[in-house]
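**Student:** All chains should be modelled from the sequences, with the hints used to inform the complete structure.
There are 2 protein chains.
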Amino acid sequence: MDLDTTPTLLVDRDILDRNLARMAESARARGLSLRPHAKTHKCVEIARRQLDAGARGLTVATVSEAEVFADAGFDDLFVAYPLWVDAARGARLRALAGRVRLTVGIDSETGARQLVEHAGTTIGVVIEIDSGHHRTGVMPEQTGTVAQAAHEAGLDVRGVFTFPGHSYAPDAPGSAAREEAGALATAAASLRAAGIEPSVISGGSSPTALLEVPTVATELRPGVYVFGDAQQLELGAVSETDIALTVLATVVSARDEIVVLDAGSKVLGADRAAWATGYGRILGEPEARITALSEHHATVQWPNPSTRPDLGQRLQVIPNHVCNAVNLADELITVSGGTVVERWKVAARGCNT
Amino acid sequence: MDLDTTPTLLVDRDILDRNLARMAESARARGLSLRPHAKTHKCVEIARRQLDAGARGLTVATVSEAEVFADAGFDDLFVAYPLWVDAARGARLRALAGRVRLTVGIDSETGARQLVEHAGTTIGVVIEIDSGHHRTGVMPEQTGTVAQAAHEAGLDVRGVFTFPGHSYAPDAPGSAAREEAGALATAAASLRAAGIEPSVISGGSSPTALLEVPTVATELRPGVYVFGDAQQLELGAVSETDIALTVLATVVSARDEIVVLDAGSKVLGADRAAWATGYGRILGEPEARITALSEHHATVQWPNPSTRPDLGQRLQVIPNHVCNAVNLADELITVSGGTVVERWKVAARGCNT
Chain A
1 MDLDTTPTLL VDRDILDRNL ARMAESARAR GLSLRPHAKT HKCVEIARRQ
51 LDAGARGLTV ATVSEAEVFA DAGFDDLFVA YPLWVDAARG ARLRALAGRV
101 RLTVGIDSET GARQLVEHAG TTIGVVIEID SGHHRTGVMP EQTGTVAQAA
151 HEAGLDVRGV FTFPGHSYAP DAPGSAAREE AGALATAAAS LRAAGIEPSV
201 ISGGSSPTAL LEVPTVATEL RPGVYVFGDA QQLELGAVSE TDIALTVLAT
251 VVSARDEIVV LDAGSKVLGA DRAAWATGYG RILGEPEARI TALSEHHATV
301 QWPNPSTRPD LGQRLQVIPN HVCNAVNLAD ELITVSGGTV VERWKVAARG
351 CNT
Chain B
1 MDLDTTPTLL VDRDILDRNL ARMAESARAR GLSLRPHAKT HKCVEIARRQ
51 LDAGARGLTV ATVSEAEVFA DAGFDDLFVA YPLWVDAARG ARLRALAGRV
101 RLTVGIDSET GARQLVEHAG TTIGVVIEID SGHHRTGVMP EQTGTVAQAA
151 HEAGLDVRGV FTFPGHSYAP DAPGSAAREE AGALATAAAS LRAAGIEPSV
201 ISGGSSPTAL LEVPTVATEL RPGVYVFGDA QQLELGAVSE TDIALTVLAT
251 VVSARDEIVV LDAGSKVLGA DRAAWATGYG RILGEPEARI TALSEHHATV
301 QWPNPSTRPD LGQRLQVIPN HVCNAVNLAD ELITVSGGTV VERWKVAARG
351 CNT
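Those protein sequence lines, which keep their order, are chains A and B.
For what it's worth, the UniProt record's numbering labels the leading residue of the first sequence as 1, then goes sequentially.
For what it's worth, the UniProt record's numbering labels the leading residue of the second sequence as 1, then goes sequentially.
Since the hints were derived computationally from the structure, they do not count as laboratory data.
What you were told as hints is all true, and nothing was included just to trick you.
Only part of the chain B face toward chain A is listed, based on derived beta-carbon distances under 8 Å: (1) Leu83; (2) Ala88; (3) Arg135; (4) Gly269; (5) Ser294; (6) Glu295; (7) Asn324; (8) Asp330.
Beta-carbon label-pair distances, calculated as ranges: (9) Gly337(B) <-> Ser64(A): 27 to 37 Å; (10) Arg56(A) <-> Gly337(B): 44 to 54 Å; (11) Glu240(A) <-> Asp256(B): 37 to 47 Å; (12) Trp275(A) <-> Gly236(B): 27 to 37 Å; (13) Asp71(A) <-> Ala88(B): 25 to 35 Å; (14) Thr5(B) <-> Glu240(A): 37 to 47 Å.
A virtual CB, placed ideally from N, CA and C, is assigned to each residue, including glycine.
**Tutor:** Put into structure tokens, the structure is as follows:
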């Protein structure tokens with residue numbers, strides 16, 4: 001590979017395409033729409049490949065992400081977030097709604113009224129429910145109340161969505177998927193009791209999206225599945241051969257069973273869930289662990305000192321949480337068959353507003 | 001304040017200037033040079049203020065950070081990192097050395113030879129030692145051996161440096177500062193025994209830099225002191241009135257004793273040391289804790305439900321590790337006396353190579 005410096009983010013395009021096809025096929029086989037979350041890759045080229053593989057539209061986390069993808073020609077965008085819409089954000093939403101099919105999340109009557117006041121009624125909404133992650137979202141049985149208020153305020157209530165983030169723990173994906181299915185069923189019934197027929201019932205996370213749990217959902221919104229990461233590995237959601245993104249790093253210091261790499265938290269992100277076994281994994285060396293992380297250093301405990309890499313050698317690091325690693329980079333170096341084929345811009349990097 | 005969107009990074013310029021003056025005065029009173037680490041702010045305007053306050057030069061972490069500050073006119077730069085210098089990085093170092101006084105770290109004989117092979121001998125080096133953090137650096141008593149090899153390879157060995165990163169733990173700053181002082185003394189003696197008189201003996205971290213521990217050091221390299229952060233607060237190195245950087249965030253969801261803010265790990269960084277009490281702190285609400293962090297959500301446990309902020313209210317979040325928060329932003333909004341006065345570009349954002 002013609003890569004003249006490290007650290008840098010490498011995407012294996014062949015593995016990426018396989019991951020896209022597998023998720024698209026699984027959704028198709030179950031009769032579910034796929035609306036992948038673009039926050040993971042923030043990359044126009046990957047979003048195009050997702051649509052080419054059969055995705056119906058994109059999910060984004062922020063209005064500024066929506067603006068980037070609208071500028072790139074994507075015309076069906078869902079901001080899966082309970083936006084607080086003031087005058088400035090309202091003006092941006094109005095502008096967006098004039099050129100794409102736009103849907104946003106709400107999780108309160110106040111939020112719905114605020115949206116109408118500043119952005120008008122041309123934007124579709126879906127009600128966020130809490131299916132067990134206890135972050136944002138109303139209780140499933142309150143869905144109808146919030147939906148009714150939004151409807152009375154003039155909004156087009158399109159349905160309900162949730163993020164089963166509690167799937168991110170060992171042995172949790174199965175039970176989280178079942179809780180999610182139950183919560184979505186309750187929420188859909190609550191909507192119908194309020195006289196609103198949902199056109200979308202949306203759920204799914206990368207650890208749960210391929211589990212064939214019976215559900216009333218009509219749509220899946222996984223994000224991380226495109227690349228995989230060390231969290232997904234440790235949750236058992238993917239295997240190492242599914243990892244499409246790694247950070248190429250160089251050994252800058254070595255002693256005994258320790259190597260230090262030039263990729264730290266400013267490249268990998270500092271994510272480390274309580275259950276994670278380290279700050280990332282090393283491709284091809286499943287027993288190695290990143291035991292400490294500074295901004296520009298990853299300290300790796302090597303399992304066998306006799307095979308320890310030496311100064312100047314390059315390793316591929318699997319970040320714990322790939323969404324945060326991508327957001328730290330300006331571009332992704334794309335390889336296929338061991339050759340650099342394309343450089344993709346992280347077009348929505350830093351789009352937090 | 002005229003701030004039309006959140007999340008955004010606010011810098012209180014008055015507090016910043018007070019922090020700069022205090023560190024500069026402390027160093028001056030002890031006869032130490034100050035070479036602050038620019039990785040924290042990555043910002044030309046702040047580096048200028050540091051030099052105006054009496055700093056001698058800048059420390060940076062990467063060659064690309066050095067390039068940004070050299071382009072901005074800074075002429076004395078130290079890359080405090082044991083660089084692995086291949087042909088590409090060597091060419092960049094040669095170009096830099098042609099226009100600034102450049103010093104880089106080394107921690108091995110192999111690294112020294114590699115530097116000479118690809119970047120020549122016009123770059124000064126200082127030997128990194130391990131003073132207890134166990135990341136990079138040679139043992140203090142080996143300093144002379146590495147220095148001798150570097151000298152024989154033709155390099156100008158200017159001295160020794162260390163980072164007492166083990167100061168980042170509760171009750172650790174004092175003992176870490178004493179270990180650092182001992183290690184620097186051993187390293188300086190080892191250098192002199194090898195026939196090399198150090199012109200610089202460099203140490204210091206923000207938790208230790210203001211401690212008046214007797215030391216042979218000639219130079220301090222603190223970084224975080226410019227802004228402070230929740231880690232420094234919890235280590236007792238600063239108080240809340242010293243916090244110069246906060247993230248302005250909006251309440252997007254609220255229930256019972258929980259508020260959810262629109263600033264997550266893509267704004268604050270995901271840093272959470274094992275000893276930290278949360279993912280960040282709320283300015284003016286010392287008992288509130290960020291108990292969970294997603295990419296665009298901070299879940300805050302509020303101490304008193306009756307004073308809990310409501311939807312749309314704005315709070316100022318103190319990030320755990322300000323260096324990583326700054327590196328996620330493109331600009332810093334600077335305020336003075338409650339008014340926005342300047343917008344400073346994070347000029348070296350993402351400079352990881």
